[in-house]
Amino acid sequence: MKARESLVRLKEFQVREKQRQLNQLQMMMAEFERMTKDLESQIIFEEKKSGISDPAHFAYPTFAKAARQRADNLQVSIRELKAQQDAAELALEEVQAEYAKAAALEERDTGARMRA
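Quick note: the sequence shown uses numbering that gives the first Met the number 0, first residue 0, plus one each step.
None of these hints come from the bench; they were simulated from the model.
We put the CB at the ideal spot given by N, CA and C, even for glycine.
Just to be clear, a hint being listed does not mean it is correct.
Straight-line C-alpha distance at most 35 Å; calculated DSBU-like pairs for lysine-lysine [unchecked claim]:
| hint | residue 1 | residue 2 |
| --- | --- | --- |
| 1 | Lys-81 | Lys-36 |
| 2 | Lys-81 | Lys-47 |
| 3 | Lys-17 | Lys-36 |
| 4 | Lys-36 | Lys-47 |
| 5 | Lys-17 | Lys-1 |
Listed next, with one range per pair, are the computed distances between beta-carbon atoms [to be verified]:
| hint | residue 1 | residue 2 | range |
| --- | --- | --- | --- |
| 6 | Gln-23 | Gly-110 | 34 to 40 Å |
| 7 | Ser-76 | Leu-104 | 39 to 45 Å |
| 8 | Asn-22 | Arg-107 | 27 to 33 Å |
| 9 | Ala-90 | Phe-44 | 37 to 43 Å |
| 10 | Phe-62 | Met-27 | 22 to 28 Å |
| 11 | Lys-47 | Ala-82 | 33 to 39 Å |
| 12 | Asp-71 | Glu-93 | 31 to 37 Å |
| 13 | Ala-58 | Phe-12 | 57 to 63 Å |
| 14 | Glu-30 | Gln-95 | 23 to 29 Å |
| 15 | Ser-76 | Thr-109 | 42 to 48 Å |
Based on the provided sequences and hints, a complete structural model is requested.
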């Protein structure tokens, strides 16, 4: 009987851990998106300041070029995090199903002990 209680606690811990990981991924994606927007506004400012908005132009601002590269890198990171988020959501669903099974078995055993 104690083994089932331990199993339920283990599955509950795993559910919380997967939810925590999913929340972290979502927070990182939100932060990267915010950083990308900041960089884009800085790029626009630099382009207006210099009067050159063509990245291929020889006098295009170095800061704008670097910021554009950083923003592109952040977009790649966001796409990679999205893939990780999808995998984490699937793992969370699996662990939640396992937890539900373990909790149902524990509930059944508790009910059987009460009747006996």
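To see whether the hints hold, each was checked on the structure:
Note on Lys-81 and Lys-36: the hinted pairing holds, with a Cα-Cα distance of about 18 Å set against a maximum of 35 Å. With a C-alpha separation of about 33 Å, the suggested pair Lys-81 and Lys-47 falls inside the 35 Å cut-off, and the hint holds. Of the pairs offered as hints, the one joining Lys-17 and Lys-36 holds, with about 29 Å between alpha carbons and a cut-off of 35 Å not exceeded. Between Lys-36 and Lys-47 the alpha-carbon distance is near 17 Å, which keeps this suggested pair within the 35 Å criterion.
As the CA atoms of Lys-17 and Lys-1 are separated by approximately 24 Å, the hinted pair is consistent with the 35 Å bound. At roughly 38 Å, the beta-carbon separation of Gln-23 and Gly-110 lies within the given 34 to 40 Å, and the hint holds. At about 42 Å, the CB distance of Ser-76 to Leu-104 agrees with the hint of 39 to 45 Å. For the pair Asn-22 and Arg-107, the supplied restraint of 27 to 33 Å holds, since their beta-carbon distance comes to about 32 Å.
Distance hint check: the CB atoms of Ala-90 and Phe-44 are about 42 Å apart, consistent with the given range 37 to 43 Å. Taking 22 to 28 Å as the suggested C-beta distance range, the pair Phe-62 and Met-27 conforms, at roughly 25 Å. Separation of Lys-47 from Ala-82 is about 36 Å and conforms to the stated range, judged on CB atoms against 33 to 39 Å. For the hinted restraint 31 to 37 Å between Asp-71 and Glu-93, the CB-CB distance of approximately 34 Å keeps it satisfied.
About 58 Å separates the C-beta atoms of Ala-58 and Phe-12, a value consistent with the hinted range of 57 to 63 Å. Taking the beta carbon of each, Glu-30 and Gln-95 are about 26 Å apart, inside 23 to 29 Å as hinted. Between Ser-76 and Thr-109 the beta carbons are some 47 Å apart, a value that agrees with the proposed interval 42 to 48 Å.
Taken one by one, the earlier hints all hold for this structure without exception.
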